[in-house]
Amino acid sequence: MKAVQTYLLLYVFLMTSVLVNTFDPKLIFDRMADNMRKMWQIFKGQESCDSGWISFNAAGLQADLESKLFGQHIALNIILKAVNGFMSKENPEKPLVLSLHGPTGTGKSFVSSLIADNIYKEGIDSKFVHVFIATHHFPHSSQTDTYKSQLQQWIKGNVTNCPQSMFIFDEMDKMHPGLIDSVKSFLDYYKKLDGVSYRKTIFIFLSNTEAHSITETALHFWRTGQDREDIELKDLETSLSASAFNNKGSGLWHSSLIKQNMVDFFIPFLPLEYKHVVQCVMAQMQAEGLKPNQDVAHKLAIDLEYFPKFERVFSVSGCKKITIQMHLNRPLLHAKKVIQVSSKSPPSTCADKRVHSL
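Heads up: the sequence shown runs through residues -22 to -1, 1 to 336, numbered per mature numbering (1 follows the signal peptide of the UniProt record, and there is no 0).
Wrong hints could be hidden among the right ones.
With a straight-line Cα cutoff of 30 Å, these simulated BS3-like cross-link-like pairs (lysine-lysine) come out [claimed, not checked]:
#1 K299 - K46
#2 K298 - K152
#3 K72 - K134
#4 K134 - K59
What follows is a set of in silico ranges between Cβ atoms, one per label pair, in the way DEER data are often shown [to be verified]:
#5 K212 - D103: 18 to 24 Å
#6 G101 - D166: 36 to 42 Å
#7 G156 - I302: 33 to 39 Å
#8 S26 - D166: 52 to 58 Å
#9 C27 - P155: 32 to 38 Å
#10 A36 - D273: 34 to 40 Å
#11 A36 - D166: 23 to 29 Å
Read the hints as simulated data drawn from the structure, not as lab findings.
Don't be surprised by glycine CBs; every beta carbon is placed ideally from N, CA and C.
Could you put together the complete structure from these sequences and hints?
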């Protein structure tokens, strides 16, 4: 291995020397960096659709969900069951279709990344993982028919190239009505469609649709003194699918995907409480190579906005603003002693003063 590395470095140096005629440190550095990237691609090989690059790590997914996803007991259990069951089949009957619903910052996009990380060697950056953001990729309602055609061609072309592709549709609640129906045929039980099999493909829809009803259910449990962990899928599942179908802003309004039961699992994500935000901060500290500090985590969590106004039970932005908060409070992360200067009361303290009426 050392011989190979030495050869690569020598090659890069020689190539740089030949191509850079004058001694300009910046030019030399840029050229070396470019050549190193090219040689690394050659050395590690191009990503391909085979077991060397695509291999499901069931234990890894479970470990990631249990250690990195906070406050989502329903989603955790369903996702493990759904993905494990699908990936364990050599020949699935149909593609796996997941529809993730809930308030912002609760982990929907994060979970999609964790699934990709435990299937593809390159994770969410794999060329076999395709992410569509409604407001970015499909901004104009007047071009819906064009988007439908382009989307169908893109999916067909990429699944032809790699049957084990993954397609993630974010901001479904901002998707133009009828657009997502263009993928319906790819989600069905067809053995092949125009010579292409989609049965090993995964489709994930992310939406803030029904955030209100999910939050109301969670708030009802809190106000009546019931444990959050006692909320079950049956408390939310029926309203999720029905509301997604009837809500014009869901992206699935009157969609054939729901009419014909193409969505395998509607998965609710609950609003996050103060304690979950603290866990997010601790996890982000560790991810950034910092020593987790409970005092700092509590300080950053307290400064976020919570609702309802008086009870302050749930974080308005979930864990979405944690990274920004950490960057804005960088000196605090390295402080030996944290002085609590916030005038706000910890939401957990307010949470003990439960009220039984709005």
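So, going through the hints one by one against the coordinates:
1. Proximity of K299 to K46 is assessed by CA-CA distance (about 16 Å); at most 30 Å being required, the pair is judged to hold.
2. Taken as a hint, the K298 and K152 pair is honoured in the structure, with Cα atoms around 19 Å apart against an allowance of 30 Å.
3. Proposed proximity of K72 and K134 is supported: the alpha carbons are some 15 Å apart, at most 30 Å.
4. Taking the CA atoms of K134 and K59, the gap is about 27 Å. The hint holds against a cut of 30 Å.
5. Here the CB-CB span from K212 to D103 is close to 37 Å, at odds with the stated 18 to 24 Å.
6. Checking the proposed 36 to 42 Å range against G101 and D166 shows it is violated: the Cβ atoms sit about 28 Å from each other.
7. Against the hinted window of 33 to 39 Å, the Cβ-Cβ separation of G156 and I302 comes to about 36 Å, which satisfies the hint.
8. One distance hint, 52 to 58 Å for the beta-carbon pair S26 and D166, is violated here, with the actual separation near 28 Å.
9. Separated by about 34 Å at the C-beta atoms, C27 and P155 satisfy the suggested range of 32 to 38 Å.
10. Between A36 and D273 the C-beta distance comes to about 37 Å, which sits within the given range of 34 to 40 Å.
11. For A36 and D166, the hinted distance range of 23 to 29 Å is satisfied, since their beta carbons lie about 27 Å from each other.
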